Structures are given as structure tokens and as C-alpha cells.
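J.: So the protein lines, in turn, are chains A and B.
If you read the first sequence in this note's numbering, its first letter stands for residue 1, the second for the next number, and so on.
If you read the second sequence in this note's numbering, its first letter stands for residue 1, the second for the next number, and so on.
If several chains are the same, the list does not tell them apart, and a pair holds so long as it fits within one copy or across any two.
Derived DMTMM-like pairs (lysine to aspartate or glutamate); straight-line CA-CA distance at most 25 Å: (1) 216 with 179; (2) 220 with 183; (3) 365 with 291; (4) 216 with 183; (5) 220 with 184; (6) 365 with 118; (7) 202 with 19.
Hints are computed from structural coordinates only; laboratory data are not their basis.
Note that the structure is a prediction, hence the values are computed from the model and not measured.
2 protein chains.
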Amino acid sequence: MENQHETTQGAGSADAKADIYDDDGVIRASFLAHIGAAIADRDTITLKREVGGLHQSELGDLLEALIPEQRHALVGLLGKDFDFSALTEVDEAIRLDIVDNLPNDQIAEAVQELDSDDAVYILEDLDQEDQDEILAKLPFTERVRLRRSLDYPEESAGRRMQTEFVAVPPFWTVGQTIDYMREDQDLPDSFTQIFVIDPTFKLLGAVDLDQILRTKRAVKIGDIMHETRHAIPATMDQEEAAREFEQYDLLSAAVVDENERLVGVLTIDDVVDVIQQEAEEDLLRMGGVGDEELSDTVFATSRSRAPWLLVNLATAFVSATVISQFGATIEQMVALAALMPIVASLGGNAGTQTMTVTVRALATKDLDIYNAGRVIRREVMVGFLNGILIAAVIGAIAAAWFQNVDLGYVIAAAMVVNMLAAALAGILIPLLLDRAGADPAIASSVFTTMITDVIGFLAFLSLASWWLHLG
Amino acid sequence: MENQHETTQGAGSADAKADIYDDDGVIRASFLAHIGAAIADRDTITLKREVGGLHQSELGDLLEALIPEQRHALVGLLGKDFDFSALTEVDEAIRLDIVDNLPNDQIAEAVQELDSDDAVYILEDLDQEDQDEILAKLPFTERVRLRRSLDYPEESAGRRMQTEFVAVPPFWTVGQTIDYMREDQDLPDSFTQIFVIDPTFKLLGAVDLDQILRTKRAVKIGDIMHETRHAIPATMDQEEAAREFEQYDLLSAAVVDENERLVGVLTIDDVVDVIQQEAEEDLLRMGGVGDEELSDTVFATSRSRAPWLLVNLATAFVSATVISQFGATIEQMVALAALMPIVASLGGNAGTQTMTVTVRALATKDLDIYNAGRVIRREVMVGFLNGILIAAVIGAIAAAWFQNVDLGYVIAAAMVVNMLAAALAGILIPLLLDRAGADPAIASSVFTTMITDVIGFLAFLSLASWWLHLG
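Let the hints inform the model, and build the full structure from the sequences given.
T.: Right, here's the structure in full:
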């Protein structure tokens, strides 16, 4: 794809991306070596030339590709030319590592250059003491702004909002507003709408910039503003806010305090990150891992994954107990020991399929009381159909392998039973967890597999014992 | 969350969301009953009043909550007042069901009211014949526009782009540009930047609207435009385009043809959908399901999931073959049959943890050649640490349960071996698949589980046979 990109773009619009990334979107080894050499030579002129023009996300990728010593050296050598907003683009561990290595004075100075949302993003992970010290070094208004954001709960809209925005009274005309924007030096770096407020900062509405541009100068702002149906309370969880953006295709939204006063603006670029994180969270949770990052230490990773393994150990013992009840049966026909994991494993897979679809549909709110009944019926039917299919295949193979037609019937019947159990477990467990207020992505997996294991072993071994007159 | 939302917003900014959705974000039963009754009474006045003001995504949710007969009746009763853009917000099956029920004349008329990207979204799923018939009924320019989008490959930027945009020559002044926007009636519904082109429509640059608003009237557009580093070739895959948006925090980007002529604009709202779909795709693929939707039929669902189950059946037989080699061992100590699934299951879980992290890191391009070595070492260490932990617990329990200390040693040793195998499989398999150009989300799961099953059974049973002098 990258290839195509470069070709079609041609030489005319030489793209920085083409320079530092290879065709797979990974930073070029040659670029990295070049920067590494310049760092080793303490060649600040080359570094400022090569790194100074990078987009914050490109600089972030570069920082992640460097080894820690190079990273610290690069930040040191760039000095004031280091773009702190790149820190919002790297792993938390790398961000902390860089920030902890810098004097608070330098951080305080850099933070003033940032948009408030980026500043908060960097400050919120620091310990209270450093945070206070840095804030104390800031000018009053800057300090109050950041303090206010930091006082909102973690992962709230108030934490993610930008406190720089344009707000005008409703009685201004379009002409006045444009003139104000032409004069004022203190505008946000970029914005797509302006807000309309009363003298107490209460939010009255918003006007998109394209609306201002297509309206005659004499028209009053109050006449072209639209009501802000989607004002976001600062305490709202960022995921909830992201859903508003998605549902209503918002580019930015006003953030208001408990008195409906405008305190900031939430923009789509921050929301895109939240949407990604949310989808990623579900994926990681279903895989039995928590909020890991690639840069976490061995010990932290081990500790965060161990509880999940211990839970699985407990459920595995439940299955073992079921099997141990059939010791005499297995002793008489040891082929059962070879075949029983197949029944459990296929059930586990079918259950995981249903569960994955269910968890995702619950997360996107596509599954609700209006279609739950229909979806449950569908899953049971699918489980039955695929159960019959798999049962036929496995029955035939088992009968041929062990030269025992009855064994074929037994495993086929057990398979149909377990596929039905898998379908029911795969849909009912996430639904019940969701109804109970738990996150279905976290616990569905372990319960579903436990049920398909237990039913798989139980159905197969008990049918075998009865049908084949064993034990 | 919704609750809080309502409270903080207060009565002043009554939010439509509060009216039709309950606290869980699901359409209120009372609203649904009200609409259902109006449909039954063919009460078009009530329907137009209640449904006419809904946002397209709200109308989409309503359509999904209704039963098919109500859906068709509602679309019929609303007639020209039905907002076709709501069709871009519903499941494909529901969209096709609604569209197939409408005469092509009506679709052709409705499509003209839509933004071109929405029109293409609806038309692209229709069969060729209907598509041609509808296009033939459109005015020339409209037809050419949509045809051009539809001629680009599926899931390309050209399919997702909007062909309505504002483009001006570089020698115009800011004043001229604003005047043009005030006069022109044919502007897109909303836009955040204007493009700068030469007489042949070749893209020269872009200007954000806030830049226009803060610049004096006499300044030339050519002097404030920025180079469009991120022009998207129309043939670029939508996922690749989405990554550009994410990396560079774009709100919209020019789409250019193979001659670098401006043909459309891609906007962030379409990209957000792509980002979501992409994350969702990984999740579904890892769960062994493909591009399913909740509204798919039983048969379609069954058929799409069956291949995956058959592959798993094949790998399960590999494990069964391993076990069957140890028939004599198991006959001598049937406790092995009860314990062996524990070793395999824990290995499978640990492998899935590593694999989930790896697949996700590959998708987000966080894992690359610069950190692969470090991450592999980390995973092996984590596997070893958690292996020791789980081995200690399971060894103690097994020894106590079966009153056999040696059996405890055997299962503990097998567990450490399998956890190390799980860590290696969980990271190397996705990495190798990725290197080979395959999608690691699809096949990693089946290979990882096969390895942890086989190694789990093999290590446990062969150690048991040797250590305990069995078989």
C-alpha cells in the first residue's frame, strides 16, 4: 500500500512520511542510524534539521525506536526545540522515563507551549509532588486552567478537553466575529466551531466555521447558531463522550461544568484515540490480559496476567474432577482419553465464536432487548447445525480409527450436546454479566470455556459408559 | 452515565437523546410502542412529527429496533420525509431489506438528496442491475460523480470520499474566497477546509477554515495555504487512509486521482467508522468469526463459522494422536487422563494472552523490528515466571489429590515446559504470519492452541511415562 501511495503521489508532493518510514510503515533503519550517529556525535545542528520538522507522531515513533540512552540524549540535545507534544504519542512507560529525566523547570516551560489537553495528558501521570511543583512554576491563568482539568476524574471529558476555545456573545454580528478573529493573537491553534455564551459563560449554542463563512457580515451570531444538543458534562466518562461523537458525527463539542458554563472543548482527534483504546480494551480483556503496554516490565506483566491463569487453573480442576469420576470407564477403553479433549476443544471454539460476537455486539450496543430473543434463537440453531456437521465428521473418523462404530455414535452425540451447550453459554453468559453490570469482555471467556469443558467431558464419558457398557 | 448527563445538562438544553433512549442507551420501550401504534394506525402526522426530527443515527437505531414489517411500513408512510442517510447507520442486511423493498424510482430520487459518500454507501451493496437502473435515472453530473466513486475498488478511499468540496485558485484573495462562499448556493453541507487547485484541477494545497477567518481580506490564498502532505490516492485502501488520519490528526483530506487531480474529500466521520471496523475485525477474527452481522441468517452464520471449526477439528486430532501414543501409560495410571487437560488448557490460556498482545501490537504498528527482540525476551521471561507459579500450585494439588509426590513433580515440570512453549508460540506465530504477509489475527489462534495442546500432552505424558516408569 505504501508503495502505491508513493507512486501515485509522485515526486511533486514529496511526503515526509516517505522519508522516515519504510514500506511497512516502520521507521527506516537508515534514518535511525543517521539519527543515532548524530546523537553519538552530539551534532545538534543535524538533529535540529532532521528532527525539528517532524510531526509529533513521527517524533513519537522515533523516540520509541531509539534505545533509552539515545532517547534521553536526543531530548537533551534538542533542548527547547524538542516538541513535547510528541510525548502524547508514546507508551506511558517511555513518557514517564523521559519526563522523570528532565528538571521540573524545563517541563514547566515546555508545558506552557502545549495545548492544555496535551499538557494535562503529560502531567496526569506524574506523582503529586512533581505535578504540584511544575504547576507552581506556571503563570496564574495557565495554572488555573490545568488545575481545573486535573481536578476532574481520570478518563473524564474534563481531563481530555482543551481549555482554549473561541466564544462570543449572541448579539455580535458575523462581521464583528470575523474581525475579532483577525485581530486576536490568542486564538487556539486550530478550531472548527465557535461557541456562543452569555455574560456568565453559560453556553447558548455553537456555530460551525463554514456557517460563518457562508453568512453575510451583518447577520447576528445568535441567528445562525445551532443549539448545542451534545454539550458534554466535564465529569462524563471519556468513553461515553466518544459514543456521542460517533453517534452524531461530531468534530468537536463544548464541555460544560455542573452549572452549564463552558469550560472547554473536546475534539475528535482525542476521541479517535479513546475509540481505539476502547476497542483494544475489549480485545485484550477477552484474551485474558489487562491494561498492558509493550514497554511494561517482565514482573509487571507477569503479575497482571497471573490472576487470570489462576482462575483458569481453578476451572481446569473442575474439569479434571469430572474426568476422574470416570476412571474405571477410561481404564476399560483408553481411546476415550485420546478423544475426550476433541469434544471439549471443539465446544470451546464454538463457544468462543458465539461469545466473541455477543461481547462485541454488547459493546457497540447492537444487541439489546429488542433482538436478544432472536439472536439467542439464531445462535442455538447455528450451534445445532454446526454441531451436526462436526459430529458427522468426528463420528466417522473415530469409528474408523478405533474400528468401533458405537464409539463413533457416542462421540457424535456428545459433540451435538456440547455444541448446543457452547452456543447457549456463549450468548447467555455475556448477556447475564452485562445485565449484572459486569464487563462481559472480562469474565465471559473463563466461564464459557469452563462450561464447554465440563459438558464436553461429562457428555462424552457418561454416554460412553452407558452406551458401551463400560465402568 | 446517561443519568448524570441528563442532570448536568438540565432542562435548558433538552436533549433529543434523553427522549428516545433509556439510561442504558437503548431505545425506550415506550417510544417504540408509541411509534409502533402510529404505524399500525397509519398515522403519518404523528410519525412525521416524532421521526422527522431524529438524527440519522437515531432513526437508524429505531429501524433496527422495529420488526421487518413495521420497518417497511414506516419507510412507506414517511415517503419523501424518510431520511435515507439513516440507511448508512444500520446493518447491511437491514439496509438491503429496506432498499430491496423500494421502487428504484424512489431510491433514485432519494439518492440525489444525499452526500455522495452516503449515496455510494447505499448503492454499492445493490446488485449491478439495480445500481445501473438507479444511476440511469439521475441527472448527468450526479451520475458521473457516483459512477466515478463506484468505479474505485471496494473499501478504497475513492469509495468513501465525498465528491462535494470547495476548491479555489491560489491567486484569489481571502476576501474573494469569503464572498464566493457567501454567494454560492452549491456548497457542501459542511466542511472544515477548502482546497487550492490549478486550472487542470491539480491539487496545490489546502487552507483550514480557521486560517481563512484569522487572515485579512487582502491576503492571497496561495500565501496561507499549506502543502497537502497527506493527499490520499483514491485507490488507497480505506484502512491505510484511516491510519493517515490517526497519525496526523486530520479532520479531512483531499483525495486525488492517478494524475494528482482533486476528485473528492475524505472526512473524519467516515474514518472513525473504518477505525472501529478495523479494531472489531481483529477481535472477531481472533474469536474465529468473520464479517458477521447480527442480522445474518442462521445458515449464513453457520456456513461462515464452520470452516474454522473444521480446522480446529484437524488440530484437535493431532493432539488426540499424541495422546493415543501413550495408551499403555494412561492405562497404568488413569489419573493422568484427568490431569492432562489441565496442562494443555493452562498452556492455551497463557499462549492466548501473549498472542492477543502480539496481534494487537502488530495491528497498531507498536511492535516492529526495533523492539521485537526485547518483546520476545520479555514474553519468555513472563512465561517462565508464571510457569513456575502455576507449576507450584498445580504440583502441590496433584500430589495431594492423588497421594503421589512424583506425580506432582511431573505435572509441575510439564507445566513449566508448556508455559515456555506457549510464550514462544504466542509471540513467534503472529510475528511469522505477519512477516509472511498473512493477517495474524486470523490464524494465530489455531496454531498457538495446537502447539500448546500438543506440547502440553506430550510433555506431561512422556515425562510421566519416564519418571514414573509406566507404559
